[in-house]
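Number of protein chains: 2
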Amino acid sequence: MAPTPDWVKQLTPSGPQGSELLATERAKSDITVERLSQLLYTQEVLDRKKKIINVLKSEKVFDKSQNYFSGRIDRFETALARAKKLRNLRVKHEWNLDEYRTASEAISEPGPYGLHDSMFLITIAEQGTPEQHAQFLVKAEEYKFIGCYAQTELGHGSNVRGLETTATWNLEDKTFIIHSPYLTASKWWIGSLGKTANYAVVMAQLFIAGKSYGPHPFVVQIRDLKTHEPLENVHVGDIGPKFGYNTMDNGFLLFNKVKVPHISMLARFSRVDLDTNQYVREGSPSLVYGTLTWVRSTIVMQAGSVLARGVTIATRYCAVRRQFQDRDAPASEPGENQVLNYTMVQIRLLPLLAATFALHFTGKSMMNLYSENQKKMNAGEAKDNGRGAGPEEIQSGSDILADLHATSCGLKAYSSTIAAEGLEVCRRACGGHGYSSFSGIGPWYADYLPTTTWEGDNYMLTQQVARYLLKSARSVLSSSAPSNDTTSILSTFLSRSEIGCAFDVLGSDSDLVDAFAWRTAFLTFEALKHRDEQKKAWNDLLVDFYRLSKAHSQYMVVRNFYEALQSGETRAQIDDSTLDVLTKLFRLFALNTLEQEGSEFYASGAVTVKQISLARTNTVMKLLEEIRPHAVRLVDSWAFDDWVLDSSLGRQDGKVYEDMFYRASELNPLNSITVDPYPDSEVLFKKDDRRRSKL
Amino acid sequence: MAPTPDWVKQLTPSGPQGSELLATERAKSDITVERLSQLLYTQEVLDRKKKIINVLKSEKVFDKSQNYFSGRIDRFETALARAKKLRNLRVKHEWNLDEYRTASEAISEPGPYGLHDSMFLITIAEQGTPEQHAQFLVKAEEYKFIGCYAQTELGHGSNVRGLETTATWNLEDKTFIIHSPYLTASKWWIGSLGKTANYAVVMAQLFIAGKSYGPHPFVVQIRDLKTHEPLENVHVGDIGPKFGYNTMDNGFLLFNKVKVPHISMLARFSRVDLDTNQYVREGSPSLVYGTLTWVRSTIVMQAGSVLARGVTIATRYCAVRRQFQDRDAPASEPGENQVLNYTMVQIRLLPLLAATFALHFTGKSMMNLYSENQKKMNAGEAKDNGRGAGPEEIQSGSDILADLHATSCGLKAYSSTIAAEGLEVCRRACGGHGYSSFSGIGPWYADYLPTTTWEGDNYMLTQQVARYLLKSARSVLSSSAPSNDTTSILSTFLSRSEIGCAFDVLGSDSDLVDAFAWRTAFLTFEALKHRDEQKKAWNDLLVDFYRLSKAHSQYMVVRNFYEALQSGETRAQIDDSTLDVLTKLFRLFALNTLEQEGSEFYASGAVTVKQISLARTNTVMKLLEEIRPHAVRLVDSWAFDDWVLDSSLGRQDGKVYEDMFYRASELNPLNSITVDPYPDSEVLFKKDDRRRSKL
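Protein sequences appear in the order of chains A and B.
Letter 328 of the first sequence, counting from 1, is numbered 328 in UniProt numbering, and no numbers are missing.
Letter 362 of the second sequence, counting from 1, is numbered 362 in UniProt numbering, and no numbers are missing.
These are calculated hints, taken from the structure and not from any lab test.
All C-beta atoms, glycine included, are put in the ideal place defined by N, C-alpha and C.
Be aware that one or more of the hints could be misleading.
Ranges of calculated distance between the beta carbons of each label pair, as one might list FRET restraints [to be verified]:
#, chain 1, residue 1, chain 2, residue 2, range
1, A, Glu626, B, Arg161, 30 to 36 angstroms
2, B, Arg101, A, Asp328, 42 to 48 angstroms
3, B, Val295, A, Trp643, 55 to 61 angstroms
4, B, Ser478, A, Ser567, 54 to 60 angstroms
5, A, Ala329, B, Ser577, 56 to 62 angstroms
6, B, Asp642, A, Gln374, 52 to 58 angstroms
7, B, Gly214, A, Ala329, 15 to 21 angstroms
8, A, Lys50, B, Asp642, 49 to 55 angstroms
9, B, Glu526, A, Phe324, 39 to 45 angstroms
10, A, Pro261, B, Asp653, 41 to 47 angstroms
Here chain A stands alone, though its shape is the one from the complex (with noise of 0.2 angstroms):
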């Protein structure tokens, strides 16, 4: 394109330039934005990211100006580029995992060693044995085998029983026959499978002697590792372009009869024994079960910073973008609006300014609750092991993890379903630019929805809790129950069965949570009565559990934020104006959540109609006020790198409009282009500069 001429460089914005609007936001405001980044994610992690952006900031391959521009398979090349050089910046500065997985979040963009650097490794390193370890493991460490996780299968996602690849015990050469028997079995969504991965752990269904034993792990080559091209009777490739996502190259993969040594099946808690060709179980995986309730809680945590990158960069482009002015206004202020002050845009970006914070201080309550009981299970095995003492300790650790197993499942479906429709709200709330890619919700939107489908899928997930809560309700019925957060909440309902609630939703915190429990436990006994009394369909029910689940999320966020900020951690890190804030955030959260389920709150009798209407009309709107002053500050106190961000509209300095301009005119390749716009012409393009431009 022609240089941009001297008269559009002298131009500037009109009217309060978007970096003075946003100065006085930041005026306006008294919360201490660095403490605030401090609670949530200590100054150790703010200095880790901070010392790693520099490093990726030096090096050109990590610049993102060109990302919004490629296509797909340009943006391959230069994800796979990205990712080997990080491994390498990896091994010449010593990071270590949390380093590494600062530098990957940093980049924004799933790479091609996702898998390898995940679920490859881990599998290997949890299922397999040491002989696995030494003959797997090391290589995969060094990059030279490097590898996916293929379990779902062109025709089978959620219900992993139903694969179809089979594995067959070959008694004559010791060997495993790995097939695809059908279409439907190749493999798909495979990441870092497509192109990249020359191994795989396979998830195929083991036959011996012609019995099914369900599907098991195995690890197979799959393409030569010097010319790497498929090896013989492997068909693999990449699935093609997805709605996001497309730095990776997900992959298809089928077998024709390929078989493996008896090595492949990794064998630590089940294998087939050489000798005698039978079934060996070793022990149960409960550690899997454990992980995926970890792998969970990440989700929910990081919920929290995915969504606040949206509202980062909606809520200060909404302070900079003024339009119309405010109809009610006296004369004497003849200005244009900011968008940020008009309440149809504060009820929508506000609640999920509180979700940034209710989501992060649940997962973190999760994850620490999780990490304590691993560690009294560990101790109260190893006193088990000593002097006999631990069993009720091991007992009591796994109630309660099976608790936090079905309340994070419940939570992984809530908190990536807020995130991913959050993230589409701010994305409008920008209007129009919300549109463009340089806004960098779009992208980033596209790129997070998978998290709603995989790690199970938000609506499959929920029947999950709704099973534990039955079996809770059941086991409280019975007077049988262990003791966890699930069975008091709904003991505590049936004792007061006979003479009611009355929580004061509007005055007391406290009882804003106890209000979320009661629907819960009400929710939770109605689903009962249809099932067991009634004696209705399982399928007659999903929607009611799907109900269920989500009030029982909706409550655990509740109680969790609010536990955040009672406790006494939190208030020694943050002063008391911006404990305030937080707690003003909580109440937005929770009572905006109650009047969206106005229904169910007040068919549970936990409150009456004139709260739920005074919730909307008054205390809402009424939040919405106090709280649009700190907005600005409280989304800086995610602390988003600009270069992280990549937003023309998010920009922390507020210079949108500038950063819009250059984008467009000065990155964009199609303006390297001029087009002959004549239909009776058939040339194209009739000036193509890319090329030049790139030189």
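Position chain B relative to chain A; hints supplied.
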């Protein structure tokens, strides 16, 4: 990529084939698909579509197979080639505007002539004088001038009065000086401007002798007609990639004191007098007000068919996809369950299926009402000019137009929100595969999204509806109300304020409609109380106004759907069992909406809590079960050609997995590449056969 091996070619999906499953679905229902299609489209339109799609399929440039794979520049290049070919086909086949639009719809992507074909031509035709038509319109219709409509700026979208581009009348040489005083004055988002247009209708603030007369349209040349390079002191280009709509060259445009002649200002309604240098208004552009109403009505009707594409894809795929056994299924039925059998899937998809028809009939009825009213007003005008007996008719016509205008604002917002959000629900209902571009939903959704922002932002528009409803309520209270549907429901509500109401929403369809009317009236008078009695600030009521507008629009959709099914015209066209299923869809749409908005209905006194609870647990669940067997035939009646849908999951023949696999392994250009996966190698692509595979 290496050719697909024979052993892969021989594979088929497991279990009952998709084609068998869809055949079974179709055999289960007695819906007469062809007659229902005729009701939706008319046979004439169906024939036209078929004819035109056949023409398009025979032209290589319209081949869609690389659409999902191509990057932005390739997509734009192809879109330009298609736009040219389409124009030439139109000339060759002498297509009228309807036929041309049918072709554009079938291609299903925005094209670089999009704004030329619509806003550029229309604005000059409607707002130009005969002299201007001669100067601009003739060449525009010949595609020698290719134009766009440049209104929105970097800093101003919704607030047209805030536009910053100026057009200053120069007394001395009788010219206008078009100028962009700020960076934020840059035109932005302008379709067809980025690369294609050589002309633009520019909305600019008219200044005469230092006085501002507000925004006016100017026809301005921006690029050289031969070289297609920007003219001097014009800075123009493409604004960069977007969430969707990437086949369109949305552009930016800045002027540095560019002189244009007097004829440039479109002068049908206002002009600068050459002799006196005075601003002259030639009459009111009330026409434009009508046109906007018309445009919004078409958006409502389109929303039905836009959503129907997603519902078609998801419904067919959920009938083909099987996952898990039913938990309560007898051991004699060991197979996996069709996903469409799960109530949690039904509750997401079937109300949207109902919405497709509801929106279609609503849009159609609005367009009919608009046309009839225009005819009546024209007749009244004719009478007025002749015998002086017309004014009442004109008055009544303009009362109806005002009502229709307000209604169209609310319905545009409501229907495009349902369609956009509904498409995302459809995409997720397809599970993991919904995320693949081959689902066809994601790209379609991404291209549709701007509809929620343009032609009036969906949130902004609700204020216009509320303003109109408040005005109507005031006129009803002061007994000065014109007679139209809105004042009628308000009067009914008022007349019963002492005795309340009792609607048999579960037993009577007309009561169900009346309950929606009641809630609208209730919310209107509540809002009026807040504004007029309690003197609340306008800004504090925006959330209430949004809810009010939504409630009113829901009433309109429910009423129009109901009336369409009652009408003799409808009943003459379809048989009883199809009418019966449509009536169930009406109930599902209305009751599901009522249940979701339960708090408002209850607060208005229109229904009891018991009714809301029964609606959910009984009626809606029963309706899902009753509609389920007809789902596939119902979506078949929307009659989308497979070529138009371009979706693996939505194929009419159910060959879902074969098509997914074919596209991934045969069409995917990334599979022509072999990477070097090792971090210690700087080579990224060790083999790149893309060019070879193109030959």
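(Q) To test your reading of the hints: which numbers does this structure violate? (A) 3, 9
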